[in-house]
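Student: Start from the sequences, fold in the hints, and give me the full structure.
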Amino acid sequence: MFRNIIKRHNMTDPGLLLLIRFVSDNNLTISELIFLRDWITLPENRETINKWMHSIWLNAPEKESELTFNQLISAINEQYYTKKSHIFGSHEAVQLFQKLAAILIIPVILFFVYYTWIRKPVPKNIDYTEVIVPMGQKSEIVLPDSTHIWLNSASHLRYPVKFGSATRDVFLDGEAYFEVKKKAHIPFLVHTSDLVVKVLGTKFNVKSYPDDEEVETALLEGEVHLQVSTDLGKDHVKMLVMKPGEMINYSRASSSVLKAGFKADEIISWRNNRLIFRDDTFDKLVKKVERWYNVKIIYDQALFKDKKLTVELLEGESLERLFQIIEKTIHVNYKIDKQNIYINPKERND
Amino acid sequence: MRLKANDQLAFEILFYRYKNKVKGFVSQLAPSQIDPDEIVQKVFIKIWLQKDKIDPKKNFSSFLFVITRNEIVDQIRSSVYKKIYFMGDDLLVDLEIEDATGQDAQKDMEQQIESLLQKMPERRRQIFELSRFEGLSYKKIAENLHITENTVDTQIRNALNFLRNEIRKIRFFILLVFSK
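First to last, the sequence lines map onto chains A and B. Residue numbers for the first sequence follow numbering that gives the first Met the number 0, beginning at 0 and rising by one. Residue numbers for the second sequence follow numbering that gives the first Met the number 0, beginning at 0 and rising by one.
Honestly, the hints are just simulated from the structure, not real lab data.
List time: in silico DMTMM-like cross-link candidates among lysine to aspartate or glutamate, alpha-carbon distance up to 20 Å:
1) A/Lys62 x B/Asp34
2) A/Lys62 x B/Glu37
3) B/Lys50 x A/Glu77
Tutor: Structural data, given as structure tokens:
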């Protein structure tokens, strides 16, 4: 092929011949390379190079490129734009979205028709790993993508043996602290019974015990998107964007969300093996303690309804010590009988 | 084409229409160690960045050719520089190695250096490559990267020290293995 090009252009320039040899077999001697280096840099040889390349441009057959537009866009965003001003900025995004929407609407409708009425769902065969942390214990795992997860007591995490190429999905019951490894194009999704937390790479804590009234998500670093189901049913979801330092409490009873701040030490204290209650209701405290120490607390809910407690334990302190504190602060008697703890208000006369 | 109107959709259409054309051209000219798709990506990034220069009245294909050609010439030039660096005395001088080694040994060294470069901090590697592989002067590098010449000098020194130490370790290890 190169011979043809040489003939057609009757090229005898030694520099060009070296250049042609360089791109075809790359076996030049050191002195030839030095000659080529100087030749290629001289401005008067530009025209020769351009002509030669143009003939290749015209004659080269097309070759399938694996590159996709999405990859290209992410590369542009990564290299030339800060996080705040992606090339799909708000104004342009709307325009583009309208155009895309117009083009895509028909295939999308067809797709949905196909999925809802025609296609029978085929269960995808994905192998999952399950981590079950019993009451009274904690666990720390590293996923295949080197995301780091700490699991609190009585938690259950399910994740695929191998992550797919589009998303990284994990399923959580209980409480976990995540340090998600950043992967620009593969969002990390934490699915809980009521909401989905979507991130690219951040540090955050999710607390979603089936027997709690609320689901708490606290963000320490980066950005997360919360996808919350509403009382309108499964297809109506609300998207919320969280900023660092924010905590969102989702109430299961009312399907509503409440934005609040938090103290980082309080949220992740469990990771350091510290139990902290800050203005917690007695019910909330009981649930934490039961999970933490793997015990059952027996008490009359009505009697403790209005009691709130703030207690900060040191690392790894005992159950006994906790109840000594509780006994003094809210005037109760307690009795520990193996796994069971009985709590009663103190008699008035003592 | 309506790329002029800051239109991403037009850009996407252009991309899909021409990416295979660019790949075909690039595949014939790209230095062997470079993935042609990487160059295709660079070309389209440049087009995006220079979209204001596109004249809708003129043929887009010739604009595309100029961008692609310039990119490939840059790639070839830096590949030539790199080759000279690896084959010539410069590397041996940099590494303070005296004995001239054979062809195979030189190929090995090339691979070792390439993989050692990956272990360097991004900035240091970039400065080292601009100096040794692209043949830029310290002054030029300083200007391009908006840093002082002193910083360039320090970074190159650090890079060379790192390479020397690592290569010495490897050579010492080879000596140990072969002297047994």
